[in-house]
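Protein sequences appear in the order of chains Y and R. The working numbering numbers the first residue of the first sequence as 1 and each following residue consecutively. The working numbering numbers the first residue of the second sequence as 1001 and each following residue consecutively.
Derived from the structure by calculation, the hints contain no laboratory data. You may find that some hints are simply not true.
[Said to hold, decoys possible] In silico DSBU-like cross-links for lysine-lysine, where the CA-CA straight-line distance does not exceed 35 Å: (1) R:K1016 to R:K1139; (2) Y:K58 to R:K1016; (3) Y:K53 to R:K1192.
[What the hints assert, rightly or not] Derived coverage of chain Y by chain R (criterion: at least 3 residues anywhere in the stretch with Cβ under 8 Å from a Cβ of chain R; other residues may be distant): (4) 5-18; (5) 41-51; (6) 108-116.
[To be verified] Residues from chain R that face chain Y, not an exhaustive set, calculated with beta carbons under 10 Å: (7) S1011; (8) T1017; (9) S1029; (10) S1033; (11) V1052; (12) P1090; (13) T1094; (14) F1098; (15) S1116; (16) V1119; (17) H1143; (18) W1158; (19) I1162; (20) P1163; (21) E1165; (22) Y1169.
Quick caveat, the model's predicted, so the values are computed rather than measured. Quick reminder that beta carbons are idealized off the backbone N, C-alpha and C, glycines included.
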Amino acid sequence: MPQLEQIDTYLSQVVWLVLTFGILYLVLWRSALPRISQILATRQERIDGDLRKAAELKAEAETVLAAYEEAAAGARAEAQAILRDSAERFAAEAAERNEALTARLAEEAAAGEARIEAAREQAMADVESIAVELAGLAAERLTGTAADRAAAEAAVGQVMKERG
Amino acid sequence: MASADHHGPLSQFEIKTLLPIRLGEADISFTNSSLMMVIALVLIMLFLMLGVRRKALVPGRWQSMVELSYEFIVGLLRETVGADGRRYFPFVFTLFMFVLFGNMLGMIPYSFTFTSHIVVTFALAAVVFVGVTILGFVKHGFHFVTFFVPPGVSVALWPLLIPIEIISYLSRPISLSVRLFANMLAGHTLLKVFAGFVPALGAAGILPLAFVAALSGLELVIAFLQAYVFAILTCLYINDALHLH
């Protein structure tokens, strides 16, 4: 096995190992690794910064949203108040008009009733006078003499009273 | 090396000198192992540097891979050690990437797996072991030796348990290095052995070929897994040194 037979190469192997490993260690330690860690740190910083900015924007958006919601709630309340007021006003107006109409209708109805009553009374009076005249004429035809107007009136009045 | 040995399953682990370098008596030649280490070093640096060259806020595919590997090891340390493990991140990350690229580069045919050599894995494990032990003594002073006393055990059992604890502590670099070395050695040897059956069996060679294809997939998983295991055990040892029990 060359690993155990070539003992005379041990020194050369170790020397070159120390040399290459040493150079590699120094280069990585001093130059390469700090560069990589700096890249990673920069990225981490950037990510943290972006996250912070995002959080700030989110907070800002939330305050804006809260303000909007407050304004919307105020507007909604105002609208409801206006609606309520209008409804009340309209209702009052309608009630008033309704009352006026009712009163006028009642008045007109009363006037109409009075007119009907007058007409009826007139008619009744006319009926009585016609009946008296008819009774007079009938008596004259039957008896041949002119009937007494007063007696006819009294008779008609009595009959009408009896018949309602 | 004999020519028969040249095509053996173990010849792939042979160290070949590419550029002889001598420092006095010492032989520190540039070998195929050194070449793969340098390639791994260059590839890791290119992977990391080019991946993040644009520093995009929204990463592309490449940058995502770099960030993924970074956060993978960060997460590993956070889970095993906690917040104070952050200081050891560059070391664990380097260790993970180095072992991972060493293992992965070894999966390329005709390349060389430097993590398949016990001396390399042992050197890495020794660095971890020595480093963690020093860390423990620096952090806790002499109090660190209480790490070898199992908590909640009667004093009568101490003479038995303390040697066991010390032996298990001392065997850490061995188990850490042998685990990686043996996995790489066994996997690559097995691949080579079965690959050798393909031409030998003629038409029936389709069977070992299918096996080699499947095994290559498994070896890729193991290449990653062993790098992960090396890194997580290092994290656990750091945690022991920082927090004792």
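Right, here's what the structure says about each hint:
For a cut-off of 35 Å, the pair hint linking K1016 (chain R) to K1139 (chain R) is broken: about 43 Å separates their Cα positions. This hinted pair does not check out: K58 (chain Y) and K1016 (chain R) have alpha carbons roughly 68 Å apart, beyond 35 Å. For the suggested pair K53 (chain Y) and K1192 (chain R), the alpha carbons sit about 60 Å apart, so the restraint of at most 35 Å is broken. Counting residues of the region 5-18 of chain Y whose beta carbon lies closer than 8 Å to any beta carbon of chain R gives 12, which reaches the threshold of three, so the coverage claim holds.
Beta-carbon proximity to chain R at under 8 Å applies to 3 residues in the region 41-51 of chain Y; the threshold of 3 is reached and the given coverage holds. Check result for the region 108-116 of chain Y against chain R: violated, 0 residues qualifying (beta carbon to beta carbon below 8 Å, three or more required). Because the closest C-beta pair between S1011 (chain R) and chain Y is about 8 Å apart, less than 10 Å, the hint holds. Because the closest C-beta pair between T1017 (chain R) and chain Y is about 8 Å apart, less than 10 Å, the hint holds.
For S1029 (chain R), the suggested interface contact is upheld, since its CB lies about 5 Å from the closest CB of chain Y, less than 10 Å. Because the smallest distance between the Cβ of S1033 (chain R) and any Cβ of chain Y comes to about 5 Å, under 10 Å, the interface hint for this residue holds. Given the 10 Å rule on beta carbons, the hint for V1052 (chain R) holds: about 6 Å separates it from the nearest Cβ of chain Y. For P1090 (chain R), the interface hint holds, the least distance from its beta-carbon to any beta-carbon of chain Y being 4 Å, beneath 10 Å.
With its C-beta approaching chain Y no nearer than about 5 Å, T1094 (chain R) sits inside the 10 Å limit, and its interface hint holds. With a least beta-carbon distance of about 6 Å to chain Y, the hint placing F1098 (chain R) at the interface is held under the 10 Å criterion. At its closest, the beta carbon of S1116 (chain R) sits 7 Å from a beta carbon of chain Y; the interface hint therefore holds under the 10 Å criterion. Checking V1119 (chain R) against chain Y: minimum C-beta separation of about 5 Å stays under 10 Å; hint holds.
Nearest Cβ of chain Y to the Cβ of H1143 (chain R): about 29 Å, over the 10 Å cut. The hint is violated. For W1158 (chain R), the shortest C-beta to C-beta distance to chain Y is roughly 38 Å, which exceeds 10 Å, and the interface hint is violated. With 10 Å as the threshold, the beta carbon of I1162 (chain R) stays out of range of chain Y, its nearest partner Cβ sitting at about 33 Å, so the hint is violated. Taking 10 Å as the C-beta cut-off, the interface hint given for P1163 (chain R) is violated, the closest approach to chain Y being about 29 Å.
Nearest Cβ of chain Y to the Cβ of E1165 (chain R): about 29 Å, over the 10 Å cut. The hint is violated. The interface hint given for Y1169 (chain R) is violated, since its Cβ lies 23 Å from the closest Cβ of chain Y, which is over the 10 Å cut-off.
Hints 1, 2, 3, 6, 17, 18, 19, 20, 21, 22 from the earlier list are contradicted by this structure; the remaining hints agree with it.
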